[in-house]
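> Next come the chains, spelled out residue by residue.
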Amino acid sequence: MARTLSFEKRPTPAWLASLTSTSVAILLALLASSVLLWIVGVDVVEAFHAMALGAFGDLDSIYGTCVKAIPLAFAGLATGIAFRAKIWNIGQEGQVFAGAMLGYWLSSSVDLPGIAFLPLLVVAGFVGGAALGGLAGVLKTRFRVDEIVSTVMMNYIIVFVLSYLLTSRLWMAPGEYYLQTAQIPETERIPTLLAGTKLTLAFPLAIAAVFAIHILLSRTTFGYELRAFGSNPDAARFKGTDPSRMSVIVLIISGGLAGLGGVSQTFGVDFRISQGFLLGLGSTGIIVGVIAGLRPLAIGVAAILFGGMAQGGLFMQVIADVSSAIVAAMQAIILIFFLCSSVLSRYRLVWKS
Amino acid sequence: MGSREREILNDATHLKVERITKRFGDVVAVDSASFDVRRGEIHCLLGENGAGKSTLSQCLYGFYRPDAGKIHLNGIPVSYSSPRDAISRGVGMVHQHFVLVKTFSVIENIVLGTHEAGWSINLADARKRLAEICSRYEIEVDFNAIISRLSVGEQQWVEILKALYLGAELLILDEPTAALTPQESEKLFRIMRRITADSLSVILITHKLNEVMQSNRVTVLRKGKVVSTVETSGTSRTELTNLMVGRTVMFQPQRENLEKGGKILEVQGLKVRDDEGRLALNGVAFDLHANEILGIAGVAGNGQKELFEALVGARKIESGEIRLDSEDITNQTPRSAIDRGIGYIPDDRYRYGLVGDFTVEENMILGLQKAPAFSRHALLDFSRIGAFAAKGISDFEIVTPSIKAKTGNLSGGNAQKIILAREFWSTSCCLLANQPTRGLDVGVIEYVHKLLLKKCGEGFAILLASEELDDIISLSDRIGVMFKGEFMGIFDAGTVTIEQLGLLMAGQKILSSGQPIAADRI
Numbered sequence: 056m057a058r059t060l061s062f063e064k065r066p067t068p069a070w071l072a073s074l075t076s077t078s079v080a081i082l083l084a085l086l087a088s089s090v091l092l093w094i095v096g097v098d099v100v101e102a103f104h105a106m107a108l109g110a111f112g113d114l115d116s117i118y119g120t121c122v123k124a125i126p127l128a129f130a131g132l133a134t135g136i137a138f139r140a141k142i143w144n145i146g147q148e149g150q151v152f153a154g155a156m157l158g159y160w161l162s163s164s165v166d167l168p169g170i171a172f173l174p175l176l177v178v179a180g181f182v183g184g185a186a187l188g189g190l191a192g193v194l195k196t197r198f199r200v201d202e203i204v205s206t207v208m209m210n211y212i213i214v215f216v217l218s219y220l221l222t223s224r225l226w227m228a229p230g231e232y233y234l235q236t237a238q239i240p241e242t243e244r245i246p247t248l249l250a251g252t253k254l255t256l257a258f259p260l261a262i263a264a265v266f267a268i269h270i271l272l273s274r275t276t277f278g279y280e281l282r283a284f285g286s287n288p289d290a291a292r293f294k295g296t297d298p299s300r301m302s303v304i305v306l307i308i309s310g311g312l313a314g315l316g317g318v319s320q321t322f323g324v325d326f327r328i329s330q331g332f333l334l335g336l337g338s339t340g341i342i343v344g345v346i347a348g349l350r351p352l353a354i355g356v357a358a359i360l361f362g363g364m365a366q367g368g369l370f371m372q373v374i375a376d377v378s379s380a381i382v383a384a385m386q387a388i389i390l391i392f393f394l395c396s397s398v399l400s401r402y403r404l405v406w407k408s
Numbered sequence: 003m004g005s006r007e008r009e010i011l012n013d014a015t016h017l018k019v020e021r022i023t024k025r026f027g028d029v030v031a032v033d034s035a036s037f038d039v040r041r042g043e044i045h046c047l048l049g050e051n052g053a054g055k056s057t058l059s060q061c062l063y064g065f066y067r068p069d070a071g072k073i074h075l076n077g078i079p080v081s082y083s084s085p086r087d088a089i090s091r092g093v094g095m096v097h098q099h100f101v102l103v104k105t106f107s108v109i110e111n112i113v114l115g116t117h118e119a120g121w122s123i124n125l126a127d128a129r130k131r132l133a134e135i136c137s138r139y140e141i142e143v144d145f146n147a148i149i150s151r152l153s154v155g156e157q158q159w160v161e162i163l164k165a166l167y168l169g170a171e172l173l174i175l176d177e178p179t180a181a182l183t184p185q186e187s188e189k190l191f192r193i194m195r196r197i198t199a200d201s202l203s204v205i206l207i208t209h210k211l212n213e214v215m216q217s218n219r220v221t222v223l224r225k226g227k228v229v230s231t232v233e234t235s236g237t238s239r240t241e242l243t244n245l246m247v248g249r250t251v252m253f254q255p256q257r258e259n260l261e262k263g264g265k266i267l268e269v270q271g272l273k274v275r276d277d278e279g280r281l282a283l284n285g286v287a288f289d290l291h292a293n294e295i296l297g298i299a300g301v302a303g304n305g306q307k308e309l310f311e312a313l314v315g316a317r318k319i320e321s322g323e324i325r326l327d328s329e330d331i332t333n334q335t336p337r338s339a340i341d342r343g344i345g346y347i348p349d350d351r352y353r354y355g356l357v358g359d360f361t362v363e364e365n366m367i368l369g370l371q372k373a374p375a376f377s378r379h380a381l382l383d384f385s386r387i388g389a390f391a392a393k394g395i396s397d398f399e400i401v402t403p404s405i406k407a408k409t410g411n412l413s414g415g416n417a418q419k420i421i422l423a424r425e426f427w428s429t430s431c432c433l434l435a436n437q438p439t440r441g442l443d444v445g446v447i448e449y450v451h452k453l454l455l456k457k458c459g460e461g462f463a464i465l466l467a468s469e470e471l472d473d474i475i476s477l478s479d480r481i482g483v484m485f486k487g488e489f490m491g492i493f494d495a496g497t498v499t500i501e502q503l504g505l506l507m508a509g510q511k512i513l514s515s516g517q518p519i520a521a522d523r524i
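If you're matching them up, the sequences are chains A and B in order.
Residue numbers for the first sequence follow the working numbering, beginning at 56 and rising by one.
Residue numbers for the second sequence follow the working numbering, beginning at 3 and rising by one.
Take the hints with a grain of salt, since some may be wrong.
So the derived list for chain B, only partly shown, Cβ under 7 angstroms to chain A, looks like this [said to hold, decoys possible]:
{"no.": "1", "residue": "Ala316"}
{"no.": "2", "residue": "Pro336"}
{"no.": "3", "residue": "Arg353"}
{"no.": "4", "residue": "Tyr354"}
{"no.": "5", "residue": "Val357"}
{"no.": "6", "residue": "Asp359"}
{"no.": "7", "residue": "Leu368"}
{"no.": "8", "residue": "Gly369"}
{"no.": "9", "residue": "Gln371"}
{"no.": "10", "residue": "Lys372"}
{"no.": "11", "residue": "Leu381"}
Taking beta-carbon pairs under 10 angstroms as the criterion, some of the chain B residues facing chain A (in silico) [unchecked claim]:
{"no.": "12", "residue": "Ser338"}
{"no.": "13", "residue": "Asp350"}
{"no.": "14", "residue": "Gly358"}
{"no.": "15", "residue": "Leu370"}
Source of the hints: derived by calculation from the structure; they are not laboratory data.
Glycine included, every Cβ here is placed at the ideal spot set by N, Cα and C.
Using the sequences and the accompanying hints, generate a full structural model.
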């Protein structure tokens with residue numbers, strides 16, 4: 056009798072299958088990216104070599120990778136906590152901007168020594184992002200506006216607000232030619248850990264956030280309720296969780312985390328805001344969160360991986376003469392393969408007679 | 003067809019199942035099961051929950067692929083890769099949970115399920131064929147009715163009609179009578195007998211013995227294995243029960259006569275709307291006392307669900323009043339209901355009572371996570387939770403690989419026991435149980451009954467809704483019958499018969515002449 060190969064759903068997810076399919080996904084993503092590089096007409100091996108070297112080749116590049124990973128970790132955590140509650144906050148992009156902007160407003164309106172300013176800056180970053188998230192939460196629970204729509208729309212609104220602040224010269228330094236704010240004074244920047252690098256205090260803060268969200272989700276009563284709400288909102292409501300309250304709180308925390316990403320980038324790396332500097336951090340954060348399976352610790356690892364790609368991409372651009380747009384394409388390719396692999400890992404192949 | 007031909011057909015084996023095995027991971031759900039179905043018979047698959055009835059039937063329907071074993075249809079070996087294959091070979095299945103599109107009409111549901119529909123639908127042809135099937139088997143359904151407006155019983159006819167329309171010759175019915183009035187279930191059996199008289203065959207999956215006794219043969223399953231197949235006429239309820247459970251079961255719960263305690267719950271003029279905005283409760287009123295079980299008989303969908311939800315604060319109360327120990331708790335939140343010690347066993351356990359992705363131990367404390375017993379300073383105390391879960395598992399004999407196992411993988415009965423363990427622990431005054439024994443094994447039902455009576459004896463006030471009239475009659479001190487959002491009357495136990503309850507459930511009032519009247523209508 057002929058035997059046919061077919062898919063069968065696994066009763067429980069298998070670790071080995073998950074690991075294998077993830078590795079295969081990475082390989083396939085690299086393969087697909089190679090095709091892309093080949094089409095562009097560059098030496099594929101050289102390009103990847105340059106990327107790896109740029110990302111993890113020496114201490115400096117590793118520092119660079121870590122720096123790039125910081126905002127991605129925050130935006131990834133923002134994704135993780137919201138999506139675990141099945142609240143589809145995809146406004147990380149705007150929330151990153153909002154956090155950075157409120158931070159900048161604070162820096163331009165108060166004059167404090169660094170020690171006193173830093174905690175306020177962290178609060179401002181969180182509040183900025185949280186305000187956008189919370190607004191989406193109120194719209195969702197009060198007026199039944201879908202959070203996917205409202206958060207995406209706010210991405211545009213906040214960027215236009217920035218655009219207004221710059222073009223109207225409210226936030227531009229006198230005599231400045233580019234559309235960007237004045238530089239943030241050195242006393243109000245996030246202090247570096249290592250002289251000569253941009254590895255700031257934001258890095259341990261990001262690590263702390265990864266562990267804090269991990270503990271919040273896995274060990275606290277709030278995290279327990281959040282997970283119950285995400286997997287079965289009806290049961291959660293019947294067992295005492297107020298759905299509106301939960302939605303708003305989740306969006307506030309999620310937005311706040313993204314806002315911290317904005318502050319860490321602006322006050323640790325760029326030292327000024329322009330429309331271009333923060334672009335793409337939030338959306339890459341969504342990819343980071345999803346690829347990590349919304350698990351906080353894995354988000355930390357994925358952020359390093361994507362930080363490495365961004366850092367290595369710069370090298371690739373210089374050495375192999377590849378446009379940095381290729382890096383964005385590669386990130387998207389990896390996301391697609393990861394999503395496919397995570398679905399496939401829930402099935403197994405069986406021979407049927 | 004001549005009678006001789008029919009006889010030959012009737013003698014023929016319609017379905018032969020040989021040593022079917024189905025595993026899920028380490029769990030062997032069906033363990034080399036063999037049985038056969040003769041053409042034109044009603045063949046029962048009887049077994050406790052988790053005995054493998056459903057899994058076995060899903061294998062016959064092509065939903066699962068057996069890991070080993072053979073299936074013969076009309077003597078020909080078959081293997082399906084999907085339910086579609088099974089349908090094309092004349093096997094139809096009516097699931098326990100209907101798979102109908104609620105906003106579509108009857109005929110749309112039936113025709114859309116067929117793949118011959120293509121891009122355009124010829125309803126006129128379908129209508130003609132359906133009318134033919136309906137008249138042949140005496141099924142009464144309005145083809146243009148919207149599904150959501152139909153009673154559960156009527157939806158059942160639609161499902162059966164759909165299977166017959168698709169050309170089913172072997173009809174598998176999974177617990178079809180779970181939500182029917184006694185009268186409706188009788189009607190179902192009439193239809194089944196008409197179907198089998200036409201040389202079609204029926205496999206009936208059930209755990210209700212009075213239904214089993216109306217079949218031709220019974221195959222009893224226990225722990226995934228076929229215990230035996232017997233002719234129904236040559237067996238008895240007791241024998242079947244013993245085969246099914248593997249030990250002797252007591253049918254009558256022992257209840258002691260308790261003095262009715264003080265008034266705990268007081269409900270007046272309750273008006274509540276359902277999800278579609280229709281009035282689901284129209285002025286419901288009753289009292290519930292300590293040491294008392296008030297049973298609610300009635301077909302599901304007559305407002306029981308809405309009543310329970312209003313009582314636990316999960317549904318908005320339009321007008322009326324609920325008092326607990328004379329404190330007004332109308333429109334409380336679910337949180338405060340839990341904090342006040344009101345326990346709730348919902349009818350749809352997976353939707354309202356459990357989180358399928360959670361582990362057994364996590365579900366054991368659902369809603370209780372903030373109780374000092376399980377958390378401190380907002381941090382969950384997993385050692386205590388684990389100990390509590392382990393105790394619940396042993397007390398309630400929950401079959402699970404571990405306390406960390408995913409709840410969604412447990413059988414329905416074991417999932418229900420998690421809710422029971424949780425609610426019995428957390429309840430301090432008043433237990434609201436909607437269909438607590440639905441889909442449970444005989445042994446577990448016995449245990450639940452015992453627990454309900456024990457809690458009642460400890461001074462709890464218990465509101466119990468059940469579709470199993472046997473439950474209601476054997477447990478309740480008073481019995482209320484719900485129909486279309488109102489009580490048809492509340493009677494003292496012992497003053498009404500099953501038949502009268504059946505009539506009341508169907509909306510007929512009992513006249514006073516020589517009949518029991520509402521003894522203490524409130």
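> Would you mind marking each hint as holding or not holding in the structure?
Here is how each hint holds up against the structure:
The interface hint given for B/Ala316 is met, as the beta carbon of that residue sits about 5 angstroms from the closest beta carbon of chain A, less than 7 angstroms. Annotation: interface hint on B/Pro336 holds; nearest CB of chain A at approximately 5 angstroms, less than 7 angstroms. With its C-beta approaching chain A no nearer than about 5 angstroms, B/Arg353 sits inside the 7 angstroms limit, and its interface hint holds. Interface hint status for B/Tyr354: upheld, as the beta-carbon distance to the closest one in chain A is roughly 5 angstroms, under 7 angstroms.
A cut of 7 angstroms between beta carbons decides the hint on B/Val357: the least distance to chain A is about 4 angstroms, and the hint holds. Checking B/Asp359 against chain A: minimum C-beta separation of about 4 angstroms stays under 7 angstroms; hint holds. At a threshold of 7 angstroms, the smallest CB-CB gap from B/Leu368 to chain A is about 5 angstroms, leaving the interface hint in force. Taking 7 angstroms as the C-beta cut-off, the interface hint given for B/Gly369 holds, the closest approach to chain A being about 3 angstroms.
Taken as an interface hint, B/Gln371 checks out: its beta carbon lies about 4 angstroms from the nearest beta carbon of chain A, inside 7 angstroms. Among the interface hints, the one on B/Lys372 holds; its C-beta lies about 5 angstroms from the nearest C-beta in chain A, closer than the 7 angstroms criterion. For the restraint placing B/Leu381 at the interface with chain A, the shortest Cβ-Cβ distance is roughly 6 angstroms, inside the 7 angstroms limit, so the hint holds. Among the interface hints, the one on B/Ser338 holds; its C-beta lies about 8 angstroms from the nearest C-beta in chain A, closer than the 10 angstroms criterion.
Proximity of B/Asp350 to chain A holds as hinted, the smallest CB-CB distance being about 9 angstroms (cut-off 10 angstroms). The interface hint given for B/Gly358 is met, as the beta carbon of that residue sits about 7 angstroms from the closest beta carbon of chain A, less than 10 angstroms. For B/Leu370, the interface hint holds, since its Cβ comes within 10 angstroms of a Cβ in chain A; the closest pair sits about 8 angstroms apart.
The structure agrees with every numbered hint stated previously.
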